[in-house]
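Q: So the sequences go chain by chain: H and R. Just so you know, we're using the working numbering here: the first sequence kicks off at 1 and counts up by one. Just so you know, we're using the working numbering here: the second sequence kicks off at 101 and counts up by one.
Source of the hints: derived by calculation from the structure; they are not laboratory data. Worth double-checking, as some hints may not be accurate.
Said to hold, decoys possible - In silico lysine-lysine, DSBU-like type, Cα no more than 35 Å apart, as pairs:
id, chain 1, residue 1, chain 2, residue 2
1, R, 196, H, 65
2, R, 117, H, 96
3, R, 165, R, 196
There are 2 protein chains.
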Amino acid sequence: MTENERNDENTIFVGNKPPMSYVLAVVTQFNGGSDIVMIKARGRAISRAVDTAEIVRNRFVKDAKVKDIVIGTETITNEEGRSSNVSSIEITLSTK
Amino acid sequence: MTENERNDENTIFVGNKPPMSYVLAVVTQFNGGSDIVMIKARGRAISRAVDTAEIVRNRFVKDAKVKDIVIGTETITNEEGRSSNVSSIEITLSTK
Numbered sequence: 001m002t003e004n005e006r007n008d009e010n011t012i013f014v015g016n017k018p019p020m021s022y023v024l025a026v027v028t029q030f031n032g033g034s035d036i037v038m039i040k041a042r043g044r045a046i047s048r049a050v051d052t053a054e055i056v057r058n059r060f061v062k063d064a065k066v067k068d069i070v071i072g073t074e075t076i077t078n079e080e081g082r083s084s085n086v087s088s089i090e091i092t093l094s095t096k
Numbered sequence: 101m102t103e104n105e106r107n108d109e110n111t112i113f114v115g116n117k118p119p120m121s122y123v124l125a126v127v128t129q130f131n132g133g134s135d136i137v138m139i140k141a142r143g144r145a146i147s148r149a150v151d152t153a154e155i156v157r158n159r160f161v162k163d164a165k166v167k168d169i170v171i172g173t174e175t176i177t178n179e180e181g182r183s184s185n186v187s188s189i190e191i192t193l194s195t196k
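If we strip away everything but chain H, and leave its shape as in the complex, we get:
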């Protein structure tokens, strides 16, 4: 992955909003000239990140391909200082 690909400007963080909010954000990135967009999520939002990538690819940016998918585990510390593990996903879509 190049320095440019790691740029946060090209990254959409998926949370608890409806999937179409994130679809719009990804499509806007591609329409603004990006040829690569990363979709990241943690925990239960992982399913929504996959939905987002699939809706973008199937309906809006048909030349976008899944270039890479990475899963991982992040440690989160809550307000009481307790730490817990949460799964994460990074889906890279590319029109190159």
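With chain H's structure known, arrange chain R on it following the hints.
A: Frame of chain H; chain R shown alone:
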């Protein structure tokens, strides 16, 4: 993907049970001699499939690596004949 890798015997379908049920199933496959296990899920269970892969990899089968991750869209027809789309994931873990 070879014919052997597509074998359903090596595939764990993740649903709505607690993640450790599926972790146990995957670990059992590896301990039974498989060097490759596929974890599949649809819809909201996708997050649980990622949890399953991460827990197996980090805690139980430390030489297991994520060999491939494929996402897709499946069309489901309900009892009333209406069809809807659902995202899917296939995570391939390998100890080879």
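Q: Take the hints in turn and mark each one as holding or not.
A: So, going through the hints one by one against the coordinates:
| no. | hint | verdict |
| --- | --- | --- |
| 1 | R:196 to H:65 | holds (28 Å) |
| 2 | R:117 to H:96 | violated (40 Å) |
| 3 | R:165 to R:196 | holds (8 Å) |
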